[in-house]
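What follows is each chain in one-letter form.
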Amino acid sequence: MIKILKYSFYDLIRSRWTYVYFAFYLLLGIVLLFLNNDLSKAVITLMNVIIILVPLISTVFGVMYYYNSREFTELLLAQPVKRSSIFIGQYLGVALSLSISLVVGLGLPFIFYGIFKSVAIWDFVLLLVTGTFLSLIFTALSFNIALANENRIKGFGYAILLWLFMAVIYDGLFLISLLIFEEYPLDTFSIAATLFNPIDLSRVLILLKLDISALLGYTGALFQKFFGTYFGMLISSAVLVLWVIVPSFFIYRRSRRKDF
Amino acid sequence: MVQIEGLHKKFGRNEVLQGIDLEIGRGEIFAILGPNGSGKTTLIKSVLGMVIPNTGSIHVNGHSIKKNHRYRNEIDYLPQIANFPSNLRVNELIRMIKDLRNDPSEKDQELIELFGLKPYLNKKLGTLSGGTKQKVNILLTFMFDSPLLILDEPTTGLDPISLIRLKELLTSEKEKGKTILVTSHIMSFVESVTSKIVYLLEGKIYFKGSIPELKARTKQPDFEHAIASILTLADD
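So the protein lines, in turn, are chains A and B. Using this note's numbering, you'd call the opening residue of the first sequence number 1 and step up by one each time. Using this note's numbering, you'd call the opening residue of the second sequence number 1001 and step up by one each time.
No lab work stands behind these hints, which were simulated from the structure alone. All the given hints hold, so there is nothing to weed out.
Examples of chain A residues toward chain B, derived with CB under 10 angstroms:
id, residue
1, Arg14
2, Ser15
3, Phe72
4, Leu75
5, Leu77
6, Ser85
Keeping only pairs whose Cα atoms sit at most 30 angstroms apart, straight-line, the calculated DSS-like set for lysine-lysine is:
id, chain 1, residue 1, chain 2, residue 2
7, B, Lys1066, A, Lys82
8, A, Lys3, B, Lys1133
9, B, Lys1124, A, Lys3
10, A, Lys258, B, Lys1067
11, A, Lys6, B, Lys1123
12, A, Lys3, B, Lys1098
13, B, Lys1208, B, Lys1010
14, B, Lys1066, A, Lys3
15, B, Lys1204, B, Lys1219
16, B, Lys1098, A, Lys82
17, A, Lys6, B, Lys1066
18, B, Lys1067, A, Lys82
All C-beta atoms, glycine included, are put in the ideal place defined by N, C-alpha and C.
Based on the sequences and whatever the hints tell you, model everything.
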């Protein structure tokens, strides 16, 4: 698996798209710091961008990589390598190269701006950690979609739909259900609903850390009330880890049964 | 070397293989022939473990291939379409496959010379032409000295000189006593490589034997016509 990971990573690190992605974050970091002139504010703006954009890029990149490397995967399948190591290796290769683009691309401008001397350092670190989690989660989900669909157009379609659902539609449905059922106690429901969407979960996690009650929103406030800041963060991180493990397990399982 | 028993495979409703029984002994060379969609590639891919059969068993060198990946150490496979990660260079790919197989083979130098691949070694795979990719593909296959060789349409996109080189390579492998399975639609190529054929039709073995036997049965003097008339034989 390590070998496959190494070569996938190697392949991707030279891909033009990795650099485009990297350059985008570099630029974003620089522009935000110039405009805000304040590290804490820049971190909050960044959160809004990361939480929507990282899932989108990871999903699209994951499906694209899977479909583009299909023939190569067939070459690997004929080698004395375990099937599951091929797919888990490729998955980690994609997810890690995306995470590194994110961490380095955003990290550099913030380091030059003096993040290490600032109090916002831990907020920023948490932001990058969440971004990495989101990369891992959405790449895993996109690999599952690609493994299940031979047809690339369908695969792409489902992947985009998944992102749209998690990033936009989910919140809408959530709000509508809160309105419709406003006469009932909805605390447990909304906490559960948040746990089932990694994007919401990441938002809550970061907002809990930033401790900006104005931005916490309904679920954030509930989380804080229910679990307290630290326990809430612990729970949301644990669920994020689960969000990585479960889809990875499905990649493992599906890859063992698939025909090529 | 390879034992296949009662192999069935369905893709959705399409029954591609409908009970294949085949035994290939050590040092035998078989051409697997058949019209498009007769199940040749599926059969080959089942042996490689890329397609998972619905029922039936396959043994390679006495080991069942189920939940096993080590047996592929004994197989060199040439896939039908060669497409490689476009950002890797040719020599990196060669190094990588060696690394994956844990086999520091030195035969690649010889093959690079043979197919004139030296000027391409530092080029990215994405920039190579189809024929050159096929040469790289052949190089990767013949680089190791595995006892079983599986070639799926090896002649695709090759220029005449490389085709001659490929035939020479196969002859030398034959002399080493390797077991070889090959599919091709080019009958003259098949005839120059082997005399034993397996003819698949709609997922079943329709004919198994030597080319002279086939000619005698179909009463056709040349191989190409004999193959074509197999289908009319099926109607009798």
